[in-house]
Amino acid sequence: MNQQPPKSSARLDLTKGKTSIADKIMPVLLFLCASVSVLTTIGIVYTLLSETISFFRIVPIQEFFGSLKWSPLINPKSFGIWPLLSGTMLITIIAIIVAVPIGLASAIYLSEYASRRVRKIVKPILEVLAGVPTIVYGYFALTFITPIVRSIFPDTGVFNALSAGIVVGIMIIPMISSLSEDAMSAVPDSLRNGAYALGATRFEVATKIVVPAALSGIVASFVLAFSRAIGETMIVTVAAGSTPNLTANPLESIQTMTAYIVQVSMGDIPHGSVEYGTIFAVGMTLFVITLVLNMLAQYVSKRFREEY
Amino acid sequence: MNNLFQDANRQQISGRRRNDLIWRILFLGATLFGIVALSALIITIVTDGIARLNPDLFTNYPSRRASASGMKSAIVGSLYMLCLMAPLSFVLGVGAAIYLEEYAPKNRFTRLIQLNISTLAGVPSIVYGILGLAIFVRTFGLERSLLSGALTMTLLVLPIIIVASQEAIRAVPRARRDASFALGATKWQTVSRSVLPSSISAIMTGVILALSRAIGETAPLIIIGAATYVAFLPESLFDTFTVMPIQIYNWIARPQEAFQDLAASGIIVLMIMLVIMNVAAIMLRNKYQKNI
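As given, the protein sequences belong to chains F and G, one line each in that order.
Using the working numbering, you'd call the opening residue of the first sequence number 1 and step up by one each time.
Using the working numbering, you'd call the opening residue of the second sequence number 1 and step up by one each time.
In case anyone wonders, no lab produced these hints; they're calculated from the structure.
A portion of the hints provided could be inaccurate.
To be verified - SDA-like, lysine to any residue: derived pairs with alpha carbons at most 20 Å apart:
(1) F:K120 - G:L32
(2) F:K302 - G:L115
(3) F:K123 - G:S39
(4) F:K208 - G:L28
(5) F:K24 - G:V91
(6) F:K120 - G:L38
(7) F:K24 - G:A30
(8) F:K24 - G:A104
(9) G:K187 - F:D23
(10) F:K24 - G:K187
(11) F:K208 - G:W23
(12) F:K120 - G:M283
(13) G:K106 - F:F31
(14) F:K123 - G:I42
(15) F:K123 - G:V36
(16) F:K24 - G:L28
(17) F:K208 - G:K106
(18) F:K302 - G:V163
(19) F:K208 - G:R17
(20) F:K302 - G:N116
(21) F:K208 - G:R16
(22) F:K123 - G:L26
(23) F:K208 - G:I25
(24) F:K120 - G:A30
(25) G:K187 - F:I21
(26) F:K120 - G:Y103
(27) F:K123 - G:L209
(28) G:K72 - G:A231
(29) G:K187 - F:V28
All chains, full assembly: derive it from the sequences and hints.
Below, the structure is given as structure tokens:
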């Protein structure tokens with residue numbers, strides 16, 4: 001009995017000795033883990049910037065933003081980004097036209113109308129939609145949506161912006177609906193009850209009280225979805241074609257910035273060539289646009305948030 | 001006069017009620033649209049792909065003839081990729097989350113790291129492919145190898161894992177940490193024996209969900225040059241490789257109908273793998289939740 005206290009105190013000393021080393025090393029190791037994310041950002045900015053600058057030494061920047069033709073792989077070569085930008089914008093606008101009304105309406109239904117049981121069933125199903133790989137959406141666009149589009153507009157080619165845009169829209173619906181619903185369910189019930197007490201219908205409460213109160217979150221979800229649509233790659237690569245085309249006609253074959261990068265990467269391009277440089281110049285353009293949109297979304301949701 | 005007013009009032013109310021009903025139906029319709037789209041997607045893929053879903057798909061290498069083609073190298077490639085990514089992204093992601101939640105001083109630099117992580121989560125996946133091409137493939141000279149692919153995908157999923165792990169760690173009540181400190185435990189003892197065991201279930205769920213997203217990614221691996229035609233299994237970290245989504249893309253891109261159907265069969269295999277991972281994530285969460 002008497003021997004026990006010293007024994008346990010000896011054990012305590014032992015653990016203390018061990019942990020003091022761990023307590024010195026672990027913060028440093030964990031800090032290194034956290035710094036990987038900073039290094040990633042530095043890596044992205046550095047590689048894009050340095051390769052883009054060396055690209056602009058060969059192809060003048062005036063041509064990149066001034067020329068209206070993009071044909072870097074076929075002679076006569078031309079390096080105007082606008083056809084790729086317009087292709088990206090066309091897809092994104094179609095996607096937004098599909099996703100904003102449907103996503104917002106689903107969010108209103110789930111937040112204001114649906115019973116708890118319905119919400120518990122429907123929300124996971126919409127989340128599954130968000131987890132479907134984009135290559136699967138690409139297949140769906142090509143084999144399901146395109147034949148429908150072509151039966152309505154017979155002159156449409158196999159590859160067209162409309163089918164791809166619709167499916168990109170379907171892909172971003174869950175993003176808009178779940179982020180908007182989060183914003184709406186954060187609106188306190190007292191506001192709703194006040195409106196109901198004045199005799200408002202559910203629709204009036206939803207559109208005149210809840211949506212305005214949650215507007216910052218809703219708009220932020222639109223901007224994030226917009227950015228996601230711009231960066232989407234496989235759906236447009238599979239279904240929208242590979243023709244850099246300065247057009248606003250959704251029934252034509254186009255090429256987006258992302259689809260171009262994939263097209264070049266599929267071929268065997270020599271390191272250091274002008275074609276290799278285009279990946280980085282186009283990638284830089286894509287990165288800057290999505291970065292600006294993501295920052296805008298953060299700004300909107302912070303700056304215009306209604307606090308209750 | 002009074003009667004007239006009442007009538008008008010009643011009419012106005014019934015009009016608003018009708019309006020409410022119409023919009024209710026429209027909102028419900030929009031909600032069902034997502035479900036209908038998902039059903040159409042699943043039905044299309046199953047009807048196209050079920051015929052070729054036979055053992056050949058798992059045992060054969062890709063071939064010029066659709067009837068003899070399989071995706072053995074792609075399935076194995078995806079599994080190797082998963083095995084390489086999982087430990088790397090777990091250690092780096094959870095480590096970063098612990099640092100940010102438990103150790104980081106509340107200063108400008110920490111806020112910068114935090115802002116940086118949320119920004120990285122919004123970068124398109126194809127940009128990670130460009131980063132991988134420039135850094136791992138060219139600068140480190142790893143070529144178009146399994147290792148290049150795994151490192152690129154690790155960077156891609158890291159922000160998602162960090163954010164999910166941070167939320168899990170933040171959900172551990174303060175009282176647990178205080179209790180541990182009150183018993184004389186050091187910071188690391190508290191973190192490793194109290195905070196981590198309490199949050200590991202939620203962390204693992206986040207990690208598995210992030211990995212399942214990576215398994216479905218195509219674009220970054222195309223950019224770093226994962227091959228579309230691989231008729232052997234990679235034997236080392238430095239071998240060329242392919243993964244399921246890339247094999248599927250390769251089949252979709254061919255004009256023949258037989259290859260399109262083969263792509264649908266490949267998609268079924270990919271989707272089953274994702275379902276298994278998601279179910280595993282849910283089961284793991286439930287199991288650990290009982291223990292705490």
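To see whether the hints hold, each was checked on the structure:
no. : hint            : verdict
1   : F:K120 - G:L32  : holds, 14 Å
2   : F:K302 - G:L115 : holds, 13 Å
3   : F:K123 - G:S39  : holds, 15 Å
4   : F:K208 - G:L28  : holds, 19 Å
5   : F:K24 - G:V91   : holds, 18 Å
6   : F:K120 - G:L38  : holds, 17 Å
7   : F:K24 - G:A30   : violated, 56 Å
8   : F:K24 - G:A104  : holds, 14 Å
9   : G:K187 - F:D23  : holds, 7 Å
10  : F:K24 - G:K187  : holds, 10 Å
11  : F:K208 - G:W23  : holds, 14 Å
12  : F:K120 - G:M283 : holds, 18 Å
13  : G:K106 - F:F31  : holds, 14 Å
14  : F:K123 - G:I42  : holds, 18 Å
15  : F:K123 - G:V36  : holds, 14 Å
16  : F:K24 - G:L28   : violated, 57 Å
17  : F:K208 - G:K106 : violated, 40 Å
18  : F:K302 - G:V163 : holds, 19 Å
19  : F:K208 - G:R17  : holds, 15 Å
20  : F:K302 - G:N116 : holds, 17 Å
21  : F:K208 - G:R16  : holds, 14 Å
22  : F:K123 - G:L26  : holds, 18 Å
23  : F:K208 - G:I25  : holds, 18 Å
24  : F:K120 - G:A30  : holds, 17 Å
25  : G:K187 - F:I21  : holds, 12 Å
26  : F:K120 - G:Y103 : violated, 37 Å
27  : F:K123 - G:L209 : holds, 17 Å
28  : G:K72 - G:A231  : holds, 9 Å
29  : G:K187 - F:V28  : holds, 13 Å
Violated hints for the displayed structure, listed by number in ascending order: 7, 16, 17, 26.
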